[in-house]
Amino acid sequence: MKKIFNSIIVAMTLAALLLAACGSASQSSDSTLSVLASTTFLADIAQHVAGDRLNVDSLLPVDADPHAYQTTPADVVKISKSTVLILNGIEYEHFIEPLLENADGERLVITATARLEPHQMEEHAGETESDDEHEHEAGDPHMWLDPNLVVTYVENIRDGLIQADPEGAEIYKANADTYIAQLMGLDAWIKEQVETIPVERRLLVTNHESMGYFAERYGFTIVDTILPSFSSDASASAQEIAEVIEAIRSSGAPAIFLSDVENNALANQIAEETGVQVVTSLRLESLTDGAPAATYIEMMKYNVSELVKALQ
Amino acid sequence: MTTFIDWLAAPLSYEFMQRGMIAAVLVGIVCAVIGSYVVLRGMAFFGDALAHTILPGIALGYLVSGGARDTLFWWALGTAVIAALGIGLISKNSEIKEDTSIGIVFAGMFALGVALISTVRSYAVDLSHFLFGDVLSVSTQSLWLILIFGGIVLLIVFAFYKEFMTLSFDPILAATLRLPVGFLNNLLLALIAVTVAVSLQTVGVALMVAMLVTPAATAYLLTHRLSTMMMLAAAFASLAGIIGLYLSFYLSIASGAAIVLTATVFFLLVFVWKKMAGR
Amino acid sequence: MYPHSDHLHDQPVLAVSHLTVRYNGRVALEDVTFHLHEGEQVAIVGPNGAGKSTLIKTIAGVLQPQSGEVNIFGSRPRGHVCIGYIPQRSQVDWNFPVSVADVVMMGRSAKLGPFNWPHRKDWDIVHRALETVELANLSKRQISQLSGGQQQRMFIARALAQEAELMLMDEPLTGLDAPSQEGILNLLERFKKDKVTVMVATHDLDQAASHFDRIMLLNHQIIAFDEPQNVLHTDNLLRAYGGRLKPVDGQNILSTDDCCDEGEHDHIH
Chain L
1 MKKIFNSIIV
11 AMTLAALLLA
21 ACGSASQSSD
31 STLSVLASTT
41 FLADIAQHVA
51 GDRLNVDSLL
61 PVDADPHAYQ
71 TTPADVVKIS
81 KSTVLILNGI
91 EYEHFIEPLL
101 ENADGERLVI
111 TATARLEPHQ
121 MEEHAGETES
131 DDEHEHEAGD
141 PHMWLDPNLV
151 VTYVENIRDG
161 LIQADPEGAE
171 IYKANADTYI
181 AQLMGLDAWI
191 KEQVETIPVE
201 RRLLVTNHES
211 MGYFAERYGF
221 TIVDTILPSF
231 SSDASASAQE
241 IAEVIEAIRS
251 SGAPAIFLSD
261 VENNALANQI
271 AEETGVQVVT
281 SLRLESLTDG
291 APAATYIEMM
301 KYNVSELVKA
311 LQ
Chain Z
1 MTTFIDWLAA
11 PLSYEFMQRG
21 MIAAVLVGIV
31 CAVIGSYVVL
41 RGMAFFGDAL
51 AHTILPGIAL
61 GYLVSGGARD
71 TLFWWALGTA
81 VIAALGIGLI
91 SKNSEIKEDT
101 SIGIVFAGMF
111 ALGVALISTV
121 RSYAVDLSHF
131 LFGDVLSVST
141 QSLWLILIFG
151 GIVLLIVFAF
161 YKEFMTLSFD
171 PILAATLRLP
181 VGFLNNLLLA
191 LIAVTVAVSL
201 QTVGVALMVA
211 MLVTPAATAY
221 LLTHRLSTMM
231 MLAAAFASLA
241 GIIGLYLSFY
251 LSIASGAAIV
261 LTATVFFLLV
271 FVWKKMAGR
Chain P
1 MYPHSDHLHD
11 QPVLAVSHLT
21 VRYNGRVALE
31 DVTFHLHEGE
41 QVAIVGPNGA
51 GKSTLIKTIA
61 GVLQPQSGEV
71 NIFGSRPRGH
81 VCIGYIPQRS
91 QVDWNFPVSV
101 ADVVMMGRSA
111 KLGPFNWPHR
121 KDWDIVHRAL
131 ETVELANLSK
141 RQISQLSGGQ
151 QQRMFIARAL
161 AQEAELMLMD
171 EPLTGLDAPS
181 QEGILNLLER
191 FKKDKVTVMV
201 ATHDLDQAAS
211 HFDRIMLLNH
221 QIIAFDEPQN
231 VLHTDNLLRA
241 YGGRLKPVDG
251 QNILSTDDCC
261 DEGEHDHIH
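Residue numbers (the numbering used here), protein chains in the order written: chain L, 1 to 312; chain Z, 1 to 279; chain P, 1 to 269.
Source of the hints: derived by calculation from the structure; they are not laboratory data.
Be aware that one or more of the hints could be misleading.
[Stated by the list, open to error] Listed below are the simulated BS3-like cross-link pairs for lysine-lysine, each with C-alpha atoms no more than 27 angstroms apart in a straight line:
| no. | chain 1 | residue 1 | chain 2 | residue 2 |
| --- | --- | --- | --- | --- |
| 1 | P | LYS195 | P | LYS121 |
| 2 | L | LYS301 | L | LYS173 |
| 3 | P | LYS111 | P | LYS195 |
| 4 | P | LYS140 | Z | LYS275 |
| 5 | P | LYS140 | Z | LYS274 |
| 6 | P | LYS140 | P | LYS111 |
Here the structure is a predicted model, which means the values were calculated and not measured.
Just chain L, with the same shape it has in the complex (with noise of 0.2 angstroms):
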């Protein structure tokens, strides 16, 4: 299915390709740079490196979710006006390689995660033989839930903007300090909320496997996940919701948490027959338009909150 729909995508944007062509050839070459991130707190971080001297766009919309997105030809004509683009790597744009083919000029590509070793898909206890869901056989790429090694994203950022942008150097090595100062603020501030959670409380169900190295940095345990995948495009069997169930029964976790644009009919389902509580407010792969996260820090924040609302 999304094979079929893929294809069409690529044909339209082949015909996107020739408006696009004939946009470019009336532009001038333009020496400030633009640079485009591939999602929301993406760009925010992205932001608070470049400051004033740059402006950060995001290509996905807010309220998207980046693993069941579907681009459109108006993704090729952004990718193409951009000059740097900022991706968060781990194969979590997966929609990006046609992008990139059929986007017109040159641009520098900034991976945030280089340098960083992603988690593999491991089995679970009890998990059956899972099928082809493994969208992500590159690993894990929900790293930006842990503050520690958005540190490295700045670093990375912070580098690939002074490789487009030698003149900025200092204001980006400036603003890129300061931040990292703020997200280990944050990291500190997470600590102590998690020391409010009864320690048999840190339990974690999930949609997919999104909270991996935020449970390991404080302290969580994955209980489970509803669908056995670092994506939310994808689909559980009968037998997996089963497992869940058991899981939530064994290890008496007391609530299942969705990302806000993730579909919550199994959620509901695996809910009514344990009695636990479905919390569906978190904000994972996007920001908010305004509050209560419209940037990342706050994002953070407000994931905390609901998560020790829920499990205190």
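Place chains Z and P on chain L using the hints.
Chains Z and P alone, transformed into the frame defined by chain L:
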């Protein structure tokens, strides 16, 4: 022996599987009964068209209500009834051959539905649920809706049984007897529409026609009485629903597809048996 | 729920006046006028496409005329459920999963109304109808298992179960062997006693002449409508059948190949 019973009982220890099975059985029965008329009156294409035509209605509901599944039933129901009567109207009043006009409407409406759903940037999973069914997420509320509306359909068929039979066998006789032919035809279209809306969550748009046609066609091969045909069809459909869900549970395959494949296997078995028995 | 107009018995059973009917964009019947009296048995004859089926369907109330009137026992067809319609066998879905008894019971649908299932009384009527047409032993068979003659008798039984007072038959004898045809015609004899009025469309002029009170010669208009010996004259037949009349050896032969599968020929003496 105990392991076989364990194996049978394991899925049933989960409420979501119980609900799924009840839904599959109920939907199977209603589809089989209405499907008997669909098969006898040669309306399979109409049934398929109707299932596809309701996609834009569901899409609108999806956009407006942010994907909440329970309100989608009402959107599907409303769209289905309007679409059924509309298609009925087009086929009566058009110069273009009936199957062509139906084909034009259904493809266009289906495309509209996909277009609307695709405006939500992460639509693929939800779209596949609309197309192929999502029997694992039948909530208790959905189950009540299936029971109530399915029950209404069966009651109306029971009440008008001989009228529908007469109308389907000999429309001229029906007219001669002054049966309200126009009303009955539209009523049957509406019943098909309600059946499609009720079955949507279990089998999905793409496979709906199979649930209407395959069990009824299997029964048609086995009996000469309409009432027996309906009951056999209901039995085949229910069995296919249950077996399909067990297959889905143990083999991790999509439930709607598993149910339809099982029903198709039943048909093939009966078909081959009849040929070999020389009947 | 279902209508039933009163029967005014001082009126003719069937009174058709200046009836014009269009069908598929062409004029099928033009200015047709005639009366039928209670208990009469008449045959309609004419070439293919002459409008025999159209006339029958219009009388049954299935088709609407452009102009003119059809009155049955003094009122319009739509108010009556006493009209028994026996279809052409070729137009029936013989694979439909119904038994002979089921089909005959269909005739009682109007009397029963919705939400009602057949009572004892209805089954008795159905049974008697089947006995009258001598199909009682086949009542549980699926309809495709009947022979042509039996199928025809089943539809007659249906009209009897309906308690029809006017029977309209569309080519009931076509494609039947001689004994079966005789069987049907004998049945019609018995109806004379019950004062059932019968109108039969047929191709067979001989049978029409020998078994019916009056013959209607129809080719979009009524060429003649009278007792057989007054109707079956050469000039009438010429007007009805047109160029299909050929003189051979001093006799006139009417070739009607194009009407029947068997290539029946009618001889006029």
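Given the hinted pair LYS111 (chain P) and LYS195 (chain P), is their Cα-Cα distance within 27 angstroms? Holds - the C-alpha atoms of LYS195 (chain P) and LYS111 (chain P) are around 21 angstroms apart, at most 27 angstroms.
Holds or violated: LYS140 (chain P) with LYS111 (chain P), Cα cutoff 27 angstroms? Status holds; Cα separation ~22 angstroms.
LYS301 (chain L) paired with LYS173 (chain L) [C-alpha distance capped at 27 angstroms]: holds (25 angstroms)
Between LYS140 (chain P) and LYS275 (chain Z), does the CA-CA distance stay at or below 27 angstroms? The hint holds at about 24 angstroms.
Within a Cα-Cα threshold of 27 angstroms, do LYS140 (chain P) and LYS274 (chain Z) meet the stated pairing? Holds, at about 22 angstroms.
Hint consistency between LYS195 (chain P) and LYS121 (chain P) [alpha-carbon to alpha-carbon, up to 27 angstroms]: holds (23 angstroms)
Checked against the numbered hints above, the structure breaks none of them.
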